[in-house]
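2 protein chains.
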Amino acid sequence: MLQQIEHLAVIGVGLIGGSVARSLKRAGYAKRITGIGRNAAHLEQAKALGVVDDVSTDIARGVEEADVVLVSVPMSAYGAVLSQLTGHLKPGAVLTDAGSTKQHAVDAAHHSLTDDELARFVPAHPIAGTEHSGVEASFASLFDGRLCVLTPMTQTDTAALETARTMWQATGSRLMQMDAKEHDDFLAAVSHLPHLIAFGLVNAVRKLGDDNHDPFCFAAGGFRDFTRIASSSPEMWRDIALCNREALVEKLDALEVELNALRKALEAGDGEALVNDFRAAKEARDAWLATHGEGL
Amino acid sequence: MLQQIEHLAVIGVGLIGGSVARSLKRAGYAKRITGIGRNAAHLEQAKALGVVDDVSTDIARGVEEADVVLVSVPMSAYGAVLSQLTGHLKPGAVLTDAGSTKQHAVDAAHHSLTDDELARFVPAHPIAGTEHSGVEASFASLFDGRLCVLTPMTQTDTAALETARTMWQATGSRLMQMDAKEHDDFLAAVSHLPHLIAFGLVNAVRKLGDDNHDPFCFAAGGFRDFTRIASSSPEMWRDIALCNREALVEKLDALEVELNALRKALEAGDGEALVNDFRAAKEARDAWLATHGEGL
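Sequence lines, in order, name chains A and B.
Counting in our numbering, the first sequence runs from 1 upward without gaps.
Counting in our numbering, the second sequence runs from 1001 upward without gaps.
These are calculated hints, taken from the structure and not from any lab test.
A couple of the hints might just be wrong.
[What the hints assert, rightly or not] With a Cα cut of at most 27 Å, we get these calculated BS3-like pairs of lysine-lysine:
id, chain 1, residue 1, chain 2, residue 2
1, A, LYS207, B, LYS1207
2, A, LYS181, B, LYS1047
3, B, LYS1090, B, LYS1031
4, A, LYS181, A, LYS207
5, A, LYS264, A, LYS181
6, A, LYS181, B, LYS1264
7, B, LYS1264, A, LYS264
8, B, LYS1207, B, LYS1181
9, B, LYS1047, B, LYS1025
10, B, LYS1047, A, LYS264
11, A, LYS207, B, LYS1025
12, B, LYS1031, A, LYS264
13, A, LYS31, A, LYS90
14, B, LYS1207, B, LYS1264
15, B, LYS1090, B, LYS1025
16, A, LYS31, A, LYS47
17, B, LYS1047, B, LYS1090
18, A, LYS47, A, LYS90
19, A, LYS207, A, LYS264
This structure is a prediction, so every number in the text was calculated from the model and none was measured.
With the hints as constraints, model all of the structure from the sequences given.
Spelled out as structure tokens, the structure:
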């Protein structure tokens, strides 16, 4: 039986915030959902789409009656948002977020929140998304069966954690708990690095073009899928990359080790080394897809 | 009005050879299609699926009545196949291929064919595929609206080129002609390099795993699409990588320039450099998708 709440406030009603709101409406989780943001026209659109019930461009007033507050804004806006929010949460209200890098969220919370608020902050990352942005791209089933990682801190209140778990579960997510740094490390490898590479590859191809030939015209379905994430929001990925730069540089190093091994095998004409590497990768990916791939 | 032929022979009835046969059956291009290969069971499967009309495990005998012969085998088999085929083509018969690297195909042809046969060889690369292999994965619409690059040589006979063009057009492809080396250079960038990176990234992620955590469980839709091509045939991609190794190493260098620039921006915390790079890539990809993306 779902523990329903009276009032949810969502700060930042874009693809993720909008999809959380839609999935929680579907679940009947909150009697009322308030959308909060800077852009009144965007908020009115979210309301017109039925994603939220009412709207506010004032964070302090928008959150003051909410039982749960979700921060779903770009990483670069955390400082500004949390500093406007502090002091305005209702007693006992729970704060959670949906940011892609958790250590940064934790650091920003430490910087802006009171100790009491900090204890009620439950950092979360629902691992789902598309290359599209904005509330018009949001949909209720985005999180169905997908992983949501919670990274509670030592000071996180048990009841607050339980409330946040209930909410994220109601989005359709599967939950996992782990340390923020560990989360950031894995995400750097499976998400942030692929984005960096996709942007980098498209730029490398772009620079090959000349007056006679457009290199992109030789691209097919493999290229389309490989570079899909290069159509993601440049600003959002700048923020994520900067917030997780240490882990990301480390993962760039790990990729370079692999690419250098492949380069050496190429230069030596070592087909066996190449096929062994390719086969290990294919087997790992096929195994992943077989166990985790469904519903992705 | 399609210039129909009597008899087509397809050496190698896998994903590509099978799809060419299916698309040409759909077009009514050949009255008879013979499937040729080493594995009798595979050939019988192709026949049972209606992909070919009859089969042969003997290249010399399989091609001797054909008006057009398509070589659709892994790059590493070109030498063996062409040396079995030489001397057995019907007078005036046209030879074409579907290999992913064209300079290697041209080199192998020079090595194994007579001057007369060489003049009737029209190297081609239909740029389409999936990560699956085998005749059971083949389908008639694989080439619809996709690019097929022909790389005729200086000695290529005009009538032979015309015959090959008619056949490839009948598969549903859009045709383009260019130099083999130029083709290989572009394909290294938009296809071969992405495959190498996808294999390399999956291996880097795989090696992050420990007893407590499976890094793949943090992967979502972006990772799935980015690494789809890492589920491709390891043997096929070993062959392609080796056949195009010079261009591929060059493109690895070009990628490294991009990744190093991103790494420097990360280390310097230079958000403007990152966002400019990301934006240039997004704009290039979005523009490509808008003009070429349909039907991919």
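Against the structure, the hints:
Proposed proximity of LYS207/A and LYS1207/B is contradicted: the alpha carbons are some 32 Å apart, above 27 Å. For the hint pairing LYS181/A with LYS1047/B, the CA-to-CA distance comes to about 56 Å; that exceeds 27 Å, so the pair is violated. For the hint linking LYS1090/B to LYS1031/B, the alpha-carbon distance of about 17 Å falls within 27 Å, and the restraint holds. In summary, the hint linking LYS181/A to LYS207/A is not supported, as the alpha carbons are separated by about 36 Å, beyond the 27 Å threshold.
A threshold of 27 Å between alpha carbons decides the hint, and for LYS264/A with LYS181/A the separation of about 33 Å lies outside it, so the pair is violated. For the suggested pair LYS181/A and LYS1264/B, the alpha carbons sit about 22 Å apart, so the restraint of at most 27 Å is met. In summary, the hint linking LYS1264/B to LYS264/A is supported, as the alpha carbons are separated by about 24 Å, within the 27 Å threshold. In summary, the hint linking LYS1207/B to LYS1181/B is not supported, as the alpha carbons are separated by about 36 Å, beyond the 27 Å threshold.
The hinted pair formed by LYS1047/B and LYS1025/B meets the criterion: a straight-line CA distance of about 13 Å does not exceed 27 Å. With a C-alpha separation of about 42 Å, the suggested pair LYS1047/B and LYS264/A falls outside the 27 Å cut-off, and the hint is violated. Distance check on the hinted pair: LYS207/A and LYS1025/B sit about 40 Å apart at the alpha-carbon level, beyond 27 Å; violated. For the given pair, LYS1031/B sits about 48 Å from LYS264/A by alpha-carbon distance, which is inconsistent with the 27 Å threshold.
Distance check on the hinted pair: LYS31/A and LYS90/A sit about 17 Å apart at the alpha-carbon level, within 27 Å; holds. Distance hint between LYS1207/B and LYS1264/B is fulfilled; the C-alpha atoms sit about 25 Å from each other, no more than 27 Å. For the suggested pair LYS1090/B and LYS1025/B, the alpha carbons sit about 22 Å apart, so the restraint of at most 27 Å is met. A distance of roughly 15 Å separates the Cα atoms of LYS31/A and LYS47/A; the hinted pair therefore holds under the 27 Å criterion.
With a C-alpha separation of about 24 Å, the suggested pairing of LYS1047/B with LYS1090/B holds against the 27 Å cut-off. As the CA atoms of LYS47/A and LYS90/A are separated by approximately 24 Å, the hinted pair is consistent with the 27 Å bound. Between LYS207/A and LYS264/A, the direct Cα distance comes to roughly 25 Å. Compliance with the 27 Å bound is thereby established for this hinted pair.
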